[in-house]
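S.K.: Each chain, written out:
Protein chains: 2
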Amino acid sequence: MLAVTILGSNSAIPAFNRHPTAQVVQNAEQSFLVDCGEGTQMQMNNYKIRSSKINHIFISHLHGDHYFGLIGLLTSIGLAGRKHDLHLYAPEILKDIIELQLRVASAHLPYELHFYSLKNEGILLEDKKIIVECFKVKHRIECWGFLFREKKYLRKIEIEEVKKYNIPIAFYERLHKGDDFVDENNTIIKNESLTSAVAPPKTYAYCADTLYDEELIEKIKNVDLLYHEATYLHALQQKAASRFHCTSIEAATIAKKAGVKKLLLGHFSSMYETLDAFKTEACSIFENTEVAEEGSCYWI
Amino acid sequence: MLAVTILGSNSAIPAFNRHPTAQVVQNAEQSFLVDCGEGTQMQMNNYKIRSSKINHIFISHLHGDHYFGLIGLLTSIGLAGRKHDLHLYAPEILKDIIELQLRVASAHLPYELHFYSLKNEGILLEDKKIIVECFKVKHRIECWGFLFREKKYLRKIEIEEVKKYNIPIAFYERLHKGDDFVDENNTIIKNESLTSAVAPPKTYAYCADTLYDEELIEKIKNVDLLYHEATYLHALQQKAASRFHCTSIEAATIAKKAGVKKLLLGHFSSMYETLDAFKTEACSIFENTEVAEEGSCYWI
Numbered sequence: 624m625l626a627v628t629i630l631g632s633n634s635a636i637p638a639f640n641r642h643p644t645a646q647v648v649q650n651a652e653q654s655f656l657v658d659c660g661e662g663t664q665m666q667m668n669n670y671k672i673r674s675s676k677i678n679h680i681f682i683s684h685l686h687g688d689h690y691f692g693l694i695g696l697l698t699s700i701g702l703a704g705r706k707h708d709l710h711l712y713a714p715e716i717l718k719d720i721i722e723l724q725l726r727v728a729s730a731h732l733p734y735e736l737h738f739y740s741l742k743n744e745g746i747l748l749e750d751k752k753i754i755v756e757c758f759k760v761k762h763r764i765e766c767w768g769f770l771f772r773e774k775k776y777l778r779k780i781e782i783e784e785v786k787k788y789n790i791p792i793a794f795y796e797r798l799h800k801g802d803d804f805v806d807e808n809n810t811i812i813k814n815e816s817l818t819s820a821v822a823p824p825k826t827y828a829y830c831a832d833t834l835y836d837e838e839l840i841e842k843i844k845n846v847d848l849l850y851h852e853a854t855y856l857h858a859l860q861q862k863a864a865s866r867f868h869c870t871s872i873e874a875a876t877i878a879k880k881a882g883v884k885k886l887l888l889g890h891f892s893s894m895y896e897t898l899d900a901f902k903t904e905a906c907s908i909f910e911n912t913e914v915a916e917e918g919s920c921y922w923i
Numbered sequence: 624m625l626a627v628t629i630l631g632s633n634s635a636i637p638a639f640n641r642h643p644t645a646q647v648v649q650n651a652e653q654s655f656l657v658d659c660g661e662g663t664q665m666q667m668n669n670y671k672i673r674s675s676k677i678n679h680i681f682i683s684h685l686h687g688d689h690y691f692g693l694i695g696l697l698t699s700i701g702l703a704g705r706k707h708d709l710h711l712y713a714p715e716i717l718k719d720i721i722e723l724q725l726r727v728a729s730a731h732l733p734y735e736l737h738f739y740s741l742k743n744e745g746i747l748l749e750d751k752k753i754i755v756e757c758f759k760v761k762h763r764i765e766c767w768g769f770l771f772r773e774k775k776y777l778r779k780i781e782i783e784e785v786k787k788y789n790i791p792i793a794f795y796e797r798l799h800k801g802d803d804f805v806d807e808n809n810t811i812i813k814n815e816s817l818t819s820a821v822a823p824p825k826t827y828a829y830c831a832d833t834l835y836d837e838e839l840i841e842k843i844k845n846v847d848l849l850y851h852e853a854t855y856l857h858a859l860q861q862k863a864a865s866r867f868h869c870t871s872i873e874a875a876t877i878a879k880k881a882g883v884k885k886l887l888l889g890h891f892s893s894m895y896e897t898l899d900a901f902k903t904e905a906c907s908i909f910e911n912t913e914v915a916e917e918g919s920c921y922w923i
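Chains as they are written, first to last, in the numbering used here: chain P, 624 to 923; chain D, 624 to 923.
For reference, chain P alone in the conformation it holds in the complex:
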C-alpha cells in the first residue's frame, strides 16, 4: 500500500493558500519526499509529516517552485539533530547550490547527505519493499518524473494447511515466494493450497512539469495512480504549450491512453482561485480524476 500526501499543489506563485509543489509518498516503512517548494518544512509541520522518516528526496527539476524549500529543510533537520543519512536525487547542479549556501553560512550538516545526479532513465533506488525509477519528461529545462513500484508482496502462509504436511520452517521463505513443496514421497503440494495471495503491489507515477507528451504513455502505463500536472484549463492550451505545461484535458488524455487506474491533477496556476473546473474538464475524458488538495492523503 502506498499513500501520497500533497504538501503543495500550486505552480510557480503561491496563491489562495496553495503552496508550490511538494508531496510525500509513504509505504509502511518510510516516507519519500518528492519536490520541495518554498515552505515545504512548514507544510510538513502543518500536516504532521515526520522528517525523521524521510530518507530519500527526489527533485524533478530546478525551477524554484520545485526546490526553493530544500535548503531550508536540509538545514532545519540538521539543527533539530538529525544524524542518519539522507539521500538526494536531483539534477547535478543542485549539489553546487547546496554546497555554496552551506559554505557562505559556515554551516555543515550533522548527517551524511548522499547526492545522486539524475542522468539516465532507470532505477534510482531499490529495497525489499519498493523500487523507485526516474524517467525524462519534456519541460523547458531538464526535468524528471518518478515511478514508485512496490515489489510483489509475499504470499501469506495458511498455517493450518502447512502443519498438515509437516513442512519445515526453513521452507517457509520459499512458500512466501510461491514455490511448491515436494514431500519425501516426491508428491508435489501446490503452493496455492498452502498460501493465499495478498493484494497486488501498487504503482505511483509522478510526472512533474511537462508538455503534453505521448512518449510518457509507455513509461507510466497501467499505474494505479498517476499525478500529472494541469497548470491551466483547456481554454489556455496554447499558453500551456508555450510554457511547456499541460491542461486538464491533456493530463486526462494521457491518463486514458496509459490505462491508469486513477488520475490526480496538480500544479495549478495562481490565476485560478477555485479548481472545480479542472475536475469537470478532466472527467469528461477520464472519469476517475481527483484534484490534488493540500493536506489530503491519496491512498493507493
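If you are wondering where the hints come from, they were derived from the structure by calculation, not from laboratory data.
A couple of the hints might just be wrong.
Claimed, not checked - Here are the simulated distance ranges between beta carbons:
| hint | chain 1 | residue 1 | chain 2 | residue 2 | range |
| --- | --- | --- | --- | --- | --- |
| 1 | D | Lys718 | P | Lys862 | 28 to 36 Å |
| 2 | D | Ser865 | P | Ile840 | 53 to 61 Å |
| 3 | P | Ala703 | D | Asp899 | 19 to 27 Å |
| 4 | P | Asp719 | D | His799 | 28 to 36 Å |
| 5 | P | Asp750 | D | Leu859 | 39 to 47 Å |
| 6 | P | Ala858 | D | Asp899 | 35 to 43 Å |
| 7 | P | Ala703 | D | Asp708 | 57 to 65 Å |
For every residue, glycine included, the Cβ atom is placed at its ideal position computed from N, Cα and C.
Here the structure of chain P is known, so what remains is to put chain D in place on it, guided by the hints.
M.R.: Relative to chain P, chain D alone:
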C-alpha cells in the same frame, strides 16, 4: 512616522506557527523589506503587504533563516509582472547565489535588480524622507544591522499669519525649512510666528543576530524603536553566547544603556512554545518592551 510589520519572529527552525526572520518597515511612501526568511512571500500575502511598494531589500547576513525566502520572492514578483527597479543590499556573495539559481532555471528577472554589497558602515540610501544606514554587529559570520532615520519634517506654514505679512509664495520653501522672513523695512519676522513644528522625525534600529555587544550602544543611541534579537531566555545565557546570540536580559540591557524609547524583542528559539517569559525578563531591566508578534504592526 514609521511602521514595522513583523512577518517572521522566530530563529532558525520554524515552529509554533512562527516563521524565520522577515519584517517590513514602512513610511508614507514606500516599504522596505528587512531580511527574508523562507515563507516571506506567503507571509506578505497573509498580511497584505504589497510587494510593488517594496523598492529596497536589506539582508543582514547569510544564515538561511534570514534569506532563504529571497529567491522565491524575487522570482515570484517577476512572474507577477513587476517592471520597476528593485535595490538589494546584502553581503557580496548573495549575488552569486541569486545568479546561479536564476541560471540553472534558465530564468531572468523582468525588472532591474540592483545589487549593493555591504562593505562599510554608513549610509546605504537617502531620499527626501529617509536615510538608511548599516552598521556591523557581532555574529558567527559577517552580519549587519540597519538604522532607519526619518529626515526632519518640514515646518507647517500657518497660512493666516503668512498672509498678514504678504510673504511671497516663493519664500514658502524657506519657511518650511525654518528660515525667518525679512520684510521690505528690514523687519525680521521670526519663523516661529509663521510656522508651527510637526512631530520629530523617527528612528528605528534593527540589530539582526548578535552577541551581547556594548559597542552597539553608540550606534543605536536614543532610537525610538530598537528591534533586538533575544533568541533565549536568560537561563541559557551561556548557550546564547556560544552561538553568538543574546538573551532577553541582554537585549534589555542594551536598550537601557542606549536610552532607546522602546524595545521590540524577536528571533526566538523554536524551543519556546510561548513567549511571555521573554517580556517578563526584559521588563525587569527595561520596561517599555514588547515581544514581536507576526502580523502585528509597531508604529513609531
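S.K.: All hints are to be evaluated individually against the structure, with a verdict given for each.
M.R.: Now the hints, each set against the structure:
1. Lys718/D / Lys862/P: 28 to 36 Å: 33 Å Cβ-Cβ, so the 28 to 36 Å window holds.
2. Ser865/D / Ile840/P: 53 to 61 Å: Holds, since Ser865/D and Ile840/P (Cβ atoms, about 58 Å apart) stay within the stated range.
3. Ala703/P / Asp899/D: 19 to 27 Å: Holds - the Cβ-Cβ distance for Ala703/P and Asp899/D, about 24 Å, lies within 19 to 27 Å.
4. Asp719/P / His799/D: 28 to 36 Å: violated (55 Å)
5. Asp750/P / Leu859/D: 39 to 47 Å: holds (41 Å)
6. Ala858/P / Asp899/D: 35 to 43 Å: violated (53 Å)
7. Ala703/P / Asp708/D: 57 to 65 Å: Between Ala703/P and Asp708/D, where Cβ atoms are some 39 Å apart, the hint is violated.
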